[in-house]
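Enquirer: Chain by chain, the residues:
Number of protein chains: 2
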Amino acid sequence: MGSSKGIEKLEKLARLMRYYILTATTNAGSGHPTSSLSATELMCGLLFGGIFRYDTEQPEHPNNDRLIFSKGHASPLYYAMWAAAGKLSEDDLKTYRTFGSPLEGHPTVSFRYVDAATGSLGQGLSIGVGLALNAKYLDKLNYRTYVLLGDSEMAEGSQWEAMEIAAYYKLNNLVGIIDVNRLGQRGETMYGHDLSAYEKRISAFGWETILIDGHSYPAVLDAYQKALNATDRPVMIIAKTIKGKGVSFVEDKNGWHGVALSKQDCERAVKDLGAVDKSIRGRMLEPDAMKPEEVGPRAPEPIYYPSGESVATRDAYGIALKRLYPQFPQIVGVDGEVSNSTRTEIFKEAYPNRFFEMYIAEQNMAGVALGLQCRKKIPFASSFAAFLTRAFDQIRMSQYSDANIKFIGSHAGTSIGEDGPSQMGLEDIAMFRTIHNGVVLYPSDAVSAEKIVEQAAIYKGIAYIRTTRMKTPILYDIHEQFTIGGSKILKKSAKDAATVIGAGVTLHEALKAYDALKKEGILIRVIDLYSIKPIDEKTLQQAAKETSCIITVEDHYPEGGIGEAVRSGLGTVSVPLFSLAVRKKPKSGKPQELLDFEEISKDAIIKKVKENL
Amino acid sequence: MGSSKGIEKLEKLARLMRYYILTATTNAGSGHPTSSLSATELMCGLLFGGIFRYDTEQPEHPNNDRLIFSKGHASPLYYAMWAAAGKLSEDDLKTYRTFGSPLEGHPTVSFRYVDAATGSLGQGLSIGVGLALNAKYLDKLNYRTYVLLGDSEMAEGSQWEAMEIAAYYKLNNLVGIIDVNRLGQRGETMYGHDLSAYEKRISAFGWETILIDGHSYPAVLDAYQKALNATDRPVMIIAKTIKGKGVSFVEDKNGWHGVALSKQDCERAVKDLGAVDKSIRGRMLEPDAMKPEEVGPRAPEPIYYPSGESVATRDAYGIALKRLYPQFPQIVGVDGEVSNSTRTEIFKEAYPNRFFEMYIAEQNMAGVALGLQCRKKIPFASSFAAFLTRAFDQIRMSQYSDANIKFIGSHAGTSIGEDGPSQMGLEDIAMFRTIHNGVVLYPSDAVSAEKIVEQAAIYKGIAYIRTTRMKTPILYDIHEQFTIGGSKILKKSAKDAATVIGAGVTLHEALKAYDALKKEGILIRVIDLYSIKPIDEKTLQQAAKETSCIITVEDHYPEGGIGEAVRSGLGTVSVPLFSLAVRKKPKSGKPQELLDFEEISKDAIIKKVKENL
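If you're matching them up, the sequences are chains A and B in order.
According to this note's numbering, the residues represented by the first sequence are 413 to 1025, in order.
According to this note's numbering, the residues represented by the second sequence are 413 to 1025, in order.
Next up, chain A with everything else stripped away, as it sits in the complex (with noise of 0.2 Å):
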């Protein structure tokens, strides 16, 4: 496509790119026109030059090139060309940012052409950098990842995060484009158009960098075929642009970032652009009929806990992925630089092939997870349950690409004990409740910690596992099962005085409560909540009707936790309830020390109970 027929056949691709681009946009009365038609070309060049390689009739085809557009809000452009490769309709790009319509005003997985939603910034390079690893090293496939990055979304940490990633895995076969236009939202970036700024830090990560004017089709063409043949590091392009480009009244012009060109305006701009033939369609090339090696499932290992030992639920969760792997071969290990202590490191060491350390980077760490999920693998991603408050945004954002990720939280709750707060993870339920249609589960022993990193396995969707740091003894028999939305009820009378409900740690607590208050010829009921969400409606509002009150009890602060969880699992049912968390600032000392401190251990179990007599 480098010739000069090649290129004006380019030129009015992107005049009919810009045409749907404008009119898309006057026509919703909002969205990001000027942040889409600076980087026109550079799409236009990347799709319909002859480099990227896409079946359209199989947008799931495994050796597809994948496109990340990291600056979300340039949708109007990602759809302009689809509609340019004769995708959508012109009737369908009325339909953008209405009710109902795939076309968002943010790319999301509603439209069948995207692979994880984007919006929030900052995030697309490490959704590229998990597409990548995925064809290098675990589908060996030729299919290369592009990343269309904004410049003022550079600012963000998680970016560098998976710049250094993508250079330590020698990710020759992932290109980034910055589309340096040199406004972001209310005014210029830090950077201007100072490309050797990006340049010199960029190349500092160990890219390479290729500088261009990213209106000119030549250069533009240029880069991705010298991209093309990287061998052992990823490639930036680094393109100058103009924002609003094509628009004269706009072009360069701060004020103009999210908005929409009024009817009249569009109008003008449209007549600027010169003669638009709408029957034009641009062609991708065929990817390589290339496919990952098939694994199919074989039968794990049986489970075995000797009775009557003590084992902590994260070596638990350690040896159950490496124990299912087999079942599940799409399994990935994913780990902050701390899988000595989360023991994914089990995992890794029995299968080194599926494990990616993601070093102290966790925001980087969700997104790669779910750039190896949109490749049809399950991403097992663990930290301690304190840092992966880090990746809020990305965890956020996955529920948009209804992402197939599991989160793995280590070291949960005061009970950690002489490291101090900043190591707890004490609101790690409340974040990942807020996660629409995600699982929480909590396992309290070893052979339900198994069997819930099974159940999570199966789970396709957002799960998370919080594990904990010290040993507890083993409960149930290792035939028992665990689904999601499920609890058990571990002692049960018919004249229980009151409900206890506990997860990990503080539901030991309570059968040590349990068989104190026994002794003292009280009876109470014991249910392990070890899903927290989806909750067991049932057994709770049955507890309730059944015994004079709840106690809820949990190593988490009270907001989001188990108690709030209990309380809307009960609905409109009645019963007082009693909610027992961490209420005083955490602080370091032994952990029994900090579960009497908190008011969450037996005692305090025992002397609420008592208390509602």
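Check the hints yourself; a few may be wrong.
Since the list can't tell identical chains apart, any single copy or any two copies may satisfy a pair.
[What the hints assert, rightly or not] Derived DSS-like pairs: lysine-lysine, alpha-carbon spacing no greater than 25 Å straight-line:
hint, residue 1, residue 2
1, Lys-1019, Lys-900
2, Lys-931, Lys-552
3, Lys-703, Lys-883
4, Lys-950, Lys-1020
5, Lys-499, Lys-924
6, Lys-675, Lys-883
7, Lys-904, Lys-1020
8, Lys-997, Lys-788
9, Lys-582, Lys-612
10, Lys-996, Lys-950
11, Lys-552, Lys-612
12, Lys-675, Lys-1002
13, Lys-883, Lys-872
14, Lys-872, Lys-997
15, Lys-996, Lys-872
16, Lys-924, Lys-788
17, Lys-1002, Lys-506
18, Lys-506, Lys-997
19, Lys-997, Lys-548
Hints are computed from structural coordinates only; laboratory data are not their basis.
Since this is a predicted model, take the numbers as computed values, not measurements.
Based on the hints, put chain B in the right spot on chain A.
Expert: Frame of chain A; chain B shown alone:
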């Protein structure tokens, strides 16, 4: 101190500090001795080598140099330092990591010399940027800020956010020191002992870099001297060190991260050190007797909104911040490159010297706010509510610094409309509710927004204000008072069939429902829950007793939001509670369409009231 006698004294002090590090961790049975030993010369040289200026009798001296331990797990070194300065006894060190001791596992503000709690890696440099911005641009003092960094934590993107902002603001009063000891928690770091990998990246980010042997006092002191002469750039000292330095049998060995030596090993290690002089004490220089110009409060202009006007609460927030500045001259604004949307722009335009653009890097923004508040400022940090999730780990950590920060999240909820779910804050209430002693405020009109901004400025702690994109009618007289923990009953009668609780846009939907129901002869109580945390338990419980059900309505996911806050606020008062919240996957559309779709608008309220008549 560069003389041979001076260096001899430093060597003695280092030996003493190593003795303290080893004995304190062995006594505690946990902690990170090896990560402390690697940085001993770096810290001993800084504090006692004639560089650091600090009045140890007055930690609050406004012109003390500041030192942030970003690698907070090196707390044994931190406490050893203060012991060597004569501010902690050996007995004090024996309390390390025990319950109730100010010497926590990772530094917190329980210990008087700590400015900010650390322990979640990659956060200290941002705090340092806040402190340095304050010295250079606000207090105009010559104190310098030092940040001790680990090499592992350089993988965190937040470091690079801090780095680019520090260079952008030409913080020549900021010195970072990277303790490149090669080994992370579970093995080697990405770059091992390749100092040039750090040098390339950091100098590309606009910093002066100095590479040294971190165990050579002449090199260490020379580096600090050079840093004193920085003119327009921050300085990074990149020091090659040995993990476990001084204890031959652990030096540079993997597997010793976060492991205290056994008693026996500790005795061997202490012997390795040679003779320890326990009588020696290190001295710091005195700070220059400078203090910031005192600016007393002045009365603000009165609030003014013409009645009948509709004003977005985000606009009212911006107007309030500008209006209130004379009353609170400690206010500083920081924003993540969206000030034209959050409306912090209004303040910025009036007081450009009190505003720092943080570009799109929310983690660093939160860290900078923490640093600013360490020097008595009242930072107002703003972004879209959705994007504050990016800084959850920094926000979480701030609570352990007893921080005084105000976070403002605009564009809350589905009511932002066409931009789609990536831009919708739907978990921000849940996130901020988890903050211990945090306050969550949510104005529904311009007047309450103004009053809430004032209350937040008065409150000493972390306060979150949720604002709305769309205009809402003014509900309150400008003389109405809004206290933290209060609520407003807007509609009430003796015959109320139900209580409807809303805030923000949903309060207006509740009022529309009231009007419609009233026409049918049905009366409801309507409560404005502008203070979600703390919550007005008394009013809620009274409503529960006086009406047959409670309906909460919120533009937020159900988990951890208003519905669950109200359930918890009701305590053991029984009443059927129905939570209307965002329960379907949100999408692009018109604001009202989305409120209807999610069943959080007038019609859904009316339906729910009627179902319960």
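Enquirer: Please go over all the hints and tell whether each is borne out by the structure.
Expert: Hint-by-hint comparison with the structure:
In this assembly of identical chains, the alpha carbons of Lys-1019 and Lys-900 lie at most 25 Å apart only when taken from the same copy (24 Å versus 36 Å across copies). Within a single copy, Lys-931 and Lys-552 get their C-alpha atoms no closer than 63 Å, and across copies no closer than 68 Å, so neither meets the 25 Å cut-off. Taking the shortest Cα distances, Lys-703 and Lys-883 never come within 25 Å of each other, neither inside one copy (44 Å) nor across copies (53 Å). Within a single copy, Lys-950 and Lys-1020 get their C-alpha atoms as close as 24 Å, and across copies as close as 23 Å, so both meet the 25 Å cut-off.
In this homomeric assembly, Lys-499 and Lys-924 never come within 25 Å of each other (Cα to Cα): the closest approach is 64 Å inside a single copy and 43 Å across copies. Taking the shortest alpha-carbon separations for Lys-675 and Lys-883, only the inter-copy value of 24 Å comes in at or below 25 Å, while the best intra-copy value is 67 Å. For the homomeric pair Lys-904 and Lys-1020, the shortest alpha-carbon distance inside one copy (18 Å) is at most 25 Å, but the shortest distance between copies (36 Å) is not. Taking the closest pair of Cα atoms, Lys-997 and Lys-788 come within 25 Å of each other only across two copies (22 Å); inside a single copy the shortest separation is 42 Å, beyond that limit.
Taking CA atoms no more than 25 Å apart as the test, Lys-582 paired with Lys-612 passes in both settings, with 19 Å inside one copy and 18 Å between copies. For a Cα distance limit of 25 Å, the shortest separation of Lys-996 from Lys-950 across copies, 23 Å, qualifies, whereas the shortest one inside one copy, 32 Å, does not. In the homo-oligomer, the alpha carbons of Lys-552 and Lys-612 never lie at most 25 Å apart, since the shortest distance is 32 Å inside one protomer and 32 Å across protomers. For a Cα distance limit of 25 Å, the shortest separation of Lys-675 from Lys-1002 across copies, 19 Å, qualifies, whereas the shortest one inside one copy, 68 Å, does not.
For a Cα distance limit of 25 Å, the shortest separation of Lys-883 from Lys-872 qualifies neither inside one copy, at 30 Å, nor across copies, at 40 Å. Only between protomers do Lys-872 and Lys-997 lie at most 25 Å apart by alpha-carbon distance; the minimum there is 16 Å, versus 37 Å within a single protomer. Only between protomers do Lys-996 and Lys-872 lie at most 25 Å apart by alpha-carbon distance; the minimum there is 18 Å, versus 37 Å within a single protomer. For the identical chains of this complex, Lys-924 and Lys-788 are neighbours neither inside a copy (44 Å) nor across copies (47 Å), given an alpha-carbon limit of 25 Å.
Proximity of Lys-1002 to Lys-506 under the C-alpha cut-off of 25 Å is restricted to the inter-copy arrangement: shortest distance 15 Å between copies versus 63 Å within a copy. When the C-alpha separation of Lys-506 and Lys-997 is checked against a cutoff of 25 Å, the pair qualifies only between copies, where the shortest distance is 23 Å, while the shortest distance within a copy is 54 Å. Proximity of Lys-997 and Lys-548 under a CA criterion of 25 Å is satisfied in neither setting, with 47 Å inside one chain copy and 34 Å between copies.
Hints 2, 3, 5, 11, 13, 16 and 19, counting from the list given before, are not met by this structure.
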